[in-house]
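K.L.:
So the sequences go chain by chain: A and B. Numbering of the first sequence is given in the UniProt record's numbering, commencing with residue 1 and proceeding in unit increments. Numbering of the second sequence is given in the UniProt record's numbering, commencing with residue 1 and proceeding in unit increments.
Any given hint could turn out to be false.
Copies of the same chain look alike in the list, so a pair counts if it works inside one copy or between any two.
Subject to a maximum C-alpha distance of 20 Å in a straight line, what follows is the list of computed SDA-like cross-link-like pairs (lysine to any residue) [as the list claims (entries may be wrong)]:
| # | residue 1 | residue 2 |
| --- | --- | --- |
| 1 | LYS13 | GLU162 |
| 2 | LYS13 | VAL80 |
| 3 | LYS13 | GLU122 |
| 4 | LYS13 | GLY100 |
| 5 | LYS13 | ASP53 |
The hints are simulated quantities; they were obtained by calculation from the structure and are not laboratory data.
Number of protein chains: 2
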Amino acid sequence: MDALVPFAAREPKTRLATVLEPDERVEFARTMLRDVCSAIDATDASPTVLSTDPIDSEWPVVVDDRPLTAAVNDRLDPPVAVVMADLALATPDALSRLFGAEGEVVIAPGLGGGTNALVVREPDFHTDYHGASVADHRRIASEVGVEATAVDSFRLAVDIDEPEDLAELLLHGSGESVEWLRSAGFELSTPDGRVTVRRQAR
Amino acid sequence: MDALVPFAAREPKTRLATVLEPDERVEFARTMLRDVCSAIDATDASPTVLSTDPIDSEWPVVVDDRPLTAAVNDRLDPPVAVVMADLALATPDALSRLFGAEGEVVIAPGLGGGTNALVVREPDFHTDYHGASVADHRRIASEVGVEATAVDSFRLAVDIDEPEDLAELLLHGSGESVEWLRSAGFELSTPDGRVTVRRQAR
Numbered sequence: 001m002d003a004l005v006p007f008a009a010r011e012p013k014t015r016l017a018t019v020l021e022p023d024e025r026v027e028f029a030r031t032m033l034r035d036v037c038s039a040i041d042a043t044d045a046s047p048t049v050l051s052t053d054p055i056d057s058e059w060p061v062v063v064d065d066r067p068l069t070a071a072v073n074d075r076l077d078p079p080v081a082v083v084m085a086d087l088a089l090a091t092p093d094a095l096s097r098l099f100g101a102e103g104e105v106v107i108a109p110g111l112g113g114g115t116n117a118l119v120v121r122e123p124d125f126h127t128d129y130h131g132a133s134v135a136d137h138r139r140i141a142s143e144v145g146v147e148a149t150a151v152d153s154f155r156l157a158v159d160i161d162e163p164e165d166l167a168e169l170l171l172h173g174s175g176e177s178v179e180w181l182r183s184a185g186f187e188l189s190t191p192d193g194r195v196t197v198r199r200q201a202r
Numbered sequence: 001m002d003a004l005v006p007f008a009a010r011e012p013k014t015r016l017a018t019v020l021e022p023d024e025r026v027e028f029a030r031t032m033l034r035d036v037c038s039a040i041d042a043t044d045a046s047p048t049v050l051s052t053d054p055i056d057s058e059w060p061v062v063v064d065d066r067p068l069t070a071a072v073n074d075r076l077d078p079p080v081a082v083v084m085a086d087l088a089l090a091t092p093d094a095l096s097r098l099f100g101a102e103g104e105v106v107i108a109p110g111l112g113g114g115t116n117a118l119v120v121r122e123p124d125f126h127t128d129y130h131g132a133s134v135a136d137h138r139r140i141a142s143e144v145g146v147e148a149t150a151v152d153s154f155r156l157a158v159d160i161d162e163p164e165d166l167a168e169l170l171l172h173g174s175g176e177s178v179e180w181l182r183s184a185g186f187e188l189s190t191p192d193g194r195v196t197v198r199r200q201a202r
């Protein structure tokens, strides 16, 4: 099965701007993309990067600068998976559970109502990534006569968007991204018993 | 297998104080406790509520008003599970994956470094719920000569502590707790494309 990995190459990860410089955000985003593609590559599926701009990659890259939903829907040729490029906690095991799950539309929900990963086997299904997309994707599946099912995975539920997500990566990550973060000086901190991250000066 | 369900009966869920009155927090916390115990009861395990104060329950209740770690450690008689009382998204399927996972110490990590649920089969293991307990539990397991393993579950990773967690419950819940929330006037809201909750006046 093909797995599309949408990637916003321009000014990625703006919500990490409080803790990472622009060039660092580019580097970190590409490192996460490599982790995600490597994890997919270790399953039965094959990653294709769906990028807003040309990028160097050891995996096939398709460029489409339209918004996410339009770019994905144009290539939603079942059976196909869509896996977000910032799922830096994704492992081959977690992805294999998703890819192997039965169902015409299988969703890996993200925190906050997102659709972090998806398997589509129903040709009439289309995506809509705006807002609480998990609810929209259930509705769209229902409209085309199938029931969306879910795969229950913490590793696929956490996308790395905000500084607090970096704590999850430091706690549970095992790929290049967590190495990159540690090299950049990030470490866990529990100042008031709650886990966050701090950055050491280099 | 016995499954301890620690429950703080006094002033529960203080971090929901911005959206729920004190008597509502008591009612909501007990509703979540019932959902968790029901879900456990639908597996091969049997719930025992480990409460700081006497409460009415259809499941056995043991009262211990000491802090969480001390109260749990005193009853950590393997094989035993410990499942937090605010895992309102927990389903029998998710819990069965935890209870059936191989390993001397199996952790269901919570967001933010917590240990939301645990299976202990190693008699020398003890808990320490302070701070980033998932890291402490890995270390303690290692000190007693075993490797802690993890079960990868979104449903077990989300504990209902903060107002934003209520959105997860509205999106993914199926028990009494989500019915209670809806009856109390809560609904999803996506004012700026990000999912949160709002409460309608009754």
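K.L.:
Look at each hint and say if it fits the structure.
P.N.:
Hints versus structure:
1. When the C-alpha separation of LYS13 and GLU162 is checked against a cutoff of 20 Å, the pair qualifies only within one copy, where the shortest distance is 8 Å, while the shortest distance between copies is 25 Å.
2. For a Cα distance limit of 20 Å, the shortest separation of LYS13 from VAL80 qualifies neither inside one copy, at 26 Å, nor across copies, at 42 Å.
3. In this assembly of identical chains, LYS13 and GLU122 lie within 20 Å of each other by CA distance neither inside one copy nor across copies; the values are 32 Å within and 42 Å between.
4. When the C-alpha separation of LYS13 and GLY100 is checked against a cutoff of 20 Å, the pair qualifies neither within a copy, at 30 Å, nor between copies, at 38 Å.
5. In the homo-oligomer, the alpha carbons of LYS13 and ASP53 lie at most 20 Å apart inside one protomer (15 Å), although the nearest pairing across protomers, at 46 Å, exceeds that limit.
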